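Peer 1: Assemble chain V onto chain D, guided by the hints.
Residue numbers (our numbering), protein chains in the order written: chain D, 39 to 713; chain V, 39 to 713.
Source of the hints: derived by calculation from the structure; they are not laboratory data.
It is possible that some hints are incorrect.
As the list claims (entries may be wrong) - Just the calculated beta-carbon pair ranges, DEER-fashion:
1) V:K680 x D:M607: 44 to 54 Å
2) D:D187 x V:H610: 58 to 68 Å
3) V:C356 x D:E704: 30 to 40 Å
4) D:G278 x V:N236: 33 to 43 Å
5) D:P450 x V:K660: 53 to 63 Å
6) D:R583 x V:E617: 47 to 57 Å
7) D:E677 x V:N236: 28 to 38 Å
8) V:G451 x D:E677: 21 to 31 Å
9) D:E317 x V:S606: 53 to 63 Å
10) V:N236 x D:Y343: 44 to 54 Å
11) D:D187 x V:T506: 28 to 38 Å
Note that the structure is a prediction, hence the values are computed from the model and not measured.
Think of the CB as a built atom: it goes at the ideal place given N, C-alpha and C, for glycine as much as any other residue.
Number of protein chains: 2
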Amino acid sequence: MEYTEAWLKYRRLSLSRQQCEERLYDSLISYAIPFEEGLKESPCFGALISEFENGVEALLGMRPQRVTDGSETLRFAVDPAFGSEDAYSIDFTQNGKNGAITASDVRGLLYGVFHLLRLVATGKSLADFSQTCVPSNPLRMLNHWDNMDGSIERGYSGRSFFFADDQVLVNDRTRAYARLVASVGINAVVINNVNVKNAATYLITDRYFDKVRALSEIFDEYGIALYLSLNFAAPMELGGLDKSDPLDPGVIEWWQKKMAEVFIAVPKLGGFLVKADSEGRPGPFTYGRDHADGANMLARAVAPYGGRIIWRCFVYNCRQDWRDTKTDRARSGYDNFMPLDGRFLDNVILQIKNGPMDFQVREPVHPLFGGLMKTNQMLEVQIAQEYTGQQKHVCYLMPMFKEILDFKTYMPGHEDATVADIISTRTLKNANGGIVAVANTGNDENWTGHDFAAANLFGFGRLAFDTTLDPESIAREWAELTFAGSTKAAIDAIVNILMRSWPAYEKYTSPLGIGWMVNPNHHYGPNVEGYEFDRWGTYHRANWRGIGVDRTTKGTGYTMQYREPNASMYEHVETCPEELLLFFHFIPYDYRLKTGKTLIQHIYDTHFEGAQDAADFLDTWKNLDGQISDKEAYERVLERLKIQAESAVEWRDRINTYFYRHCGTEDEHGRKIYE
Amino acid sequence: MEYTEAWLKYRRLSLSRQQCEERLYDSLISYAIPFEEGLKESPCFGALISEFENGVEALLGMRPQRVTDGSETLRFAVDPAFGSEDAYSIDFTQNGKNGAITASDVRGLLYGVFHLLRLVATGKSLADFSQTCVPSNPLRMLNHWDNMDGSIERGYSGRSFFFADDQVLVNDRTRAYARLVASVGINAVVINNVNVKNAATYLITDRYFDKVRALSEIFDEYGIALYLSLNFAAPMELGGLDKSDPLDPGVIEWWQKKMAEVFIAVPKLGGFLVKADSEGRPGPFTYGRDHADGANMLARAVAPYGGRIIWRCFVYNCRQDWRDTKTDRARSGYDNFMPLDGRFLDNVILQIKNGPMDFQVREPVHPLFGGLMKTNQMLEVQIAQEYTGQQKHVCYLMPMFKEILDFKTYMPGHEDATVADIISTRTLKNANGGIVAVANTGNDENWTGHDFAAANLFGFGRLAFDTTLDPESIAREWAELTFAGSTKAAIDAIVNILMRSWPAYEKYTSPLGIGWMVNPNHHYGPNVEGYEFDRWGTYHRANWRGIGVDRTTKGTGYTMQYREPNASMYEHVETCPEELLLFFHFIPYDYRLKTGKTLIQHIYDTHFEGAQDAADFLDTWKNLDGQISDKEAYERVLERLKIQAESAVEWRDRINTYFYRHCGTEDEHGRKIYE
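Isolated chain D, as found in the complex (with noise of 0.2 Å):
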């Protein structure tokens, strides 16, 4: 199947010679590595070398010359005293004229010659350009919820290109993979579903060992660890045992044996993620056991070879009863993990979504970032949009990641600890963190199904390495790279979209932090009633008074799970940020918020203003017509604006009809509303 390089074009500038020489690109012509021989080892160097001259080439029309006699005008430098892992500087200010790259290992240098390329192909000038970059984050993750029978749960670009019938794909897609998100940093991947049942119990077996370490040594060549997800009930399914009880002797055992037969034959292999019971996933409940009590199990059977067990707490009762109004699932994670709090041993990491309920398109941040104090974690997102569109709808989501990082936690001893900093090596001891998306990736032949989603694969890299970047710059570079060869205008627009896209998709679906109101099973398109009285603990409660959850002491209690001043802050009505009012109070459809408006005239609003966001991306884009340097790329995201538009309408009708089927009020300003 055919594929686009997404980002990764590098196509030709048309330059001057003078605008050559100003911008210091000449100095790209000849370079040499000093001690290359020694880093010729690196797995990463075949990687370094035809990533900076096929890239120059391509973009510039000459190939860069590899020279030893001194007459370099660029410097690849390895120093093992450089810094941190992965960093890297890139400086052209020695001379005026010459440049360097230093890292202190050959993957750093990898990184920077993505990095200088991006500058080159968005025609930044490199004279006095000097920049180190240190990553924010040890493990910057994707997490893929690939099926080896080649289906992708929540998977929007087509089927697996890990897997397929039930075999492990090896080919030069894998190499296109791994060469495109180790562009922009990601140096982990997970390359199967959490879910793991049926053949993907296996892939510790022999059955797959040869493939799985053909794709974990493609994937080291730039710098990336192959993880696998972990079926905690193999010790039964694979290993005939009658348990899979994490303290007792026979299974550990057994892991043991396991974990020494798999890091044998597949040595780069960086570790496991685990769903334990959680949706039906077998765990150490079923023994009466903890969460620590299982992944210190696997982390210890994994430790000899410097293996990671990365554990998710994603734990809810997912059997509620909707008439119980005490049970609240957003409290689960928090009530499950926190009693925990350092009993995980070094090499377990818990992987924590970023809100309490499940990738919402607005959620409180999970109140185990600030809560833990003695734990590795990371934050998990999502970037496959599964409930924020499904990559029909745009919706560019490094805003809210941004949001999300940006969250000060006020956890005691470091009050100033964001969400970012947690994560980091930054605030917690022995820190092994990092941050984890779920990924939107298929075999499409544009990766991602929508085209604007890769601006959330690209942006994901990027904030994951830098946490301190601005969404819209991100935005920016994508586009240009992306769309190198469209007008300013377009770019312009495209930017303009993407930014406007979450508060859009926010506007016309479900109000002010309620969640859900999702089609149950495949979570697109409204449907308000949808999760209200089933199973799930997803509820809105609304009826001919108002709408919302008490999750204050009142209610639930939930509010309490967060540290002082938040704790305060979510408890009361007036303190509440209102993107979130309904997250955590009741409130009544009468109710003014801080604008002035009744809450049912801000549903209304917002929901006629968001179906008309749509509207306008859809004209933006129309109007855009032979702006595009990629005319099928142009015709693609045409398509889907299409989709978005009908279905925004489709979302604002429906909320606006359920609220004014329940309360009677009519739109102030006498928009239609269906009865």
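Peer 2: The following block gives chain V in isolation, referenced to the frame of chain D:
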């Protein structure tokens, strides 16, 4: 797989000599069949003899002897002048000792034997017994929605016993099935799903002729004609033509050749059932033709072989927009078919669902009944309990069917004509009609999943044969046959549960004829807004003021599809039968019903009552422990009554909460309604 004999158990009676004598059972000890040599040619002859001999022996412990010396005490007489097809008489009044069964053919005798055995099995005396039975309907049909992969669309009793793995099954269960349904008078069976796809399209090719013929011959031994559902696009899918246009000479010729081939291969075939232009199935609309064009084309092709075309009227727009309050799915059958009245050939029968929607627990009678004046018609009901508890809930449907059959249509010139009159031969000239049920069987041991669901299979056959029967009598007869050997109290309790079951289901589910409120797709369990914004045209329009669909002349105008005075009766709130009030009118919650209760209080009350009824059924059954002869059946029923009681509570709570959330009205009796 094992299977029961359902109501054909013929459990040995424990009778004294005197009782046998008094009831004239002694007269069953010897029998004669005059002109036997000629009658042996009849396909039903073997079934007649074996049923009689085995039945009497099982019931009375003595095997009847066939005599030819004039000493017989029971005589089977075929008299071609006796009367209409399938009619028979049983007469024990001639000399106070001997009996005779008389019919115009052997099939009539077989029906007579089944009748006689029912009398004996239920302990009725034959002394002075004399009855002539003339079937109400020429066609008494079952439609099986069995797919060739073995699944059953809307099947709740296991897998198909006609098909598995794309093969036709012919085995001992085939005969057991034929005997079972023939015993209650069924004389036509469609074995495959009306949605004809994949392998089923090939049932009219030599891939399956041998097995289909074998099946049809077994059916024939029990007087049953085998029918097939047809794919209207067969000329394209099988014939390689580029169209299925019913007026195209090539298509016509293809069908003529195909039908010649089919009827030569399967001479016992009765004809075909066609679902065209419905829910995605192909049909004449594709070519700008109408349903008369389509049906007549096929009818001409099968006419030389005595075949019939049964054409479904379930044609509607299944891509409706919920915002559109003008389009009314209820109107569509009439709108599509009424203009075609008189255009269908004599061997075409229109198959019309009992109501204008789709087998809801309560619907008005379809307005095509009484509308059509010059068209053969069959009434289609569904004993597969798709919308009435899916054979997890007990819902005995004969009271509903009886109401439908007794509905006066006010057809011009036949003002007293009920639906029963129209589908029989009594009203329409050259009528070729009858009644058909979507079947509720599968390969479950007890045939119907819920043992009590067999009462619907039994009852449907009995009612189809004699539309004047009383539902309670049918229920009692079924219970006495099925649970022979149980206590009198147990039989009474079963009859009581059956007779209360449809009203109970109606009470705890969707109120006053509005219908739906079920989970989409599978249709089990409550989901008030499950279809409210979907494309199927099944809306209830509930809001803070009230609920219901205005189908009067001020609304969709559906009421005017009825003949007067029915049209006016439905048009006005005051005269509209209250059980259908919300089907025809939007009614405010504070509207006072004839009981003096408000609508909302009626909703609350009926839902509490209905759930209580379901709880009562369970309690009643628990108290019968030890009183039911068939212990396994007892346990199966117990299990399902528990499920029903739980599900009824869920229905009660969701419906009550839904309305409470809309109107905020408290229950007058202070019962628990969840917020």
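Peer 1: Just to be sure I understand the hint, the distance between the Cβ atoms of D187 (chain D) and T506 (chain V) should be within 28 to 38 Å; is that true here?
Peer 2: 58 Å, violated
Peer 1: Is the gap between the beta carbons of E677 (chain D) and N236 (chain V) within 28 to 38 Å?
Peer 2: 31 Å, holds
Peer 1: Confirm or reject the claim that K680 (chain V) and M607 (chain D) have a C-beta distance inside 44 to 54 Å.
Peer 2: Because 48 Å falls inside the window, the suggested range holds.
Peer 1: Quick check: does the Cβ-Cβ distance between P450 (chain D) and K660 (chain V) fall within 53 to 63 Å?
Peer 2: With a Cβ separation near 58 Å, P450 (chain D) and K660 (chain V) satisfy 53 to 63 Å, so the hint holds.
Peer 1: Does the Cβ distance between D187 (chain D) and H610 (chain V) fall inside 58 to 68 Å?
Peer 2: 59 Å, holds
Peer 1: Starting from the hint 33 to 43 Å, judge whether the C-beta atoms of G278 (chain D) and N236 (chain V) obey it.
Peer 2: 40 Å, holds
Peer 1: Within 47 to 57 Å or not, the Cβ separation of R583 (chain D) and E617 (chain V)?
Peer 2: 32 Å, violated
Peer 1: Take the C-beta atom of N236 (chain V) and the C-beta atom of Y343 (chain D), compute their distance, and say whether it sits inside 44 to 54 Å.
Peer 2: 51 Å, holds
Peer 1: Okay, G451 (chain V) versus E677 (chain D) on CB: inside 21 to 31 Å?
Peer 2: The hint (21 to 31 Å, Cβ to Cβ) is violated, given that G451 (chain V) and E677 (chain D) are roughly 58 Å apart.
Peer 1: Taking 53 to 63 Å as the hint, is the beta-carbon distance of E317 (chain D) and S606 (chain V) inside that range?
Peer 2: With a Cβ separation near 56 Å, E317 (chain D) and S606 (chain V) satisfy 53 to 63 Å, so the hint holds.
Peer 1: At the C-beta level, are C356 (chain V) and E704 (chain D) separated by a distance inside 30 to 40 Å?
Peer 2: Given range 30 to 40 Å: holds, Cβ gap about 33 Å.
Hints 6, 8 and 11 from the list above are not met by this structure, while the remaining hints are.
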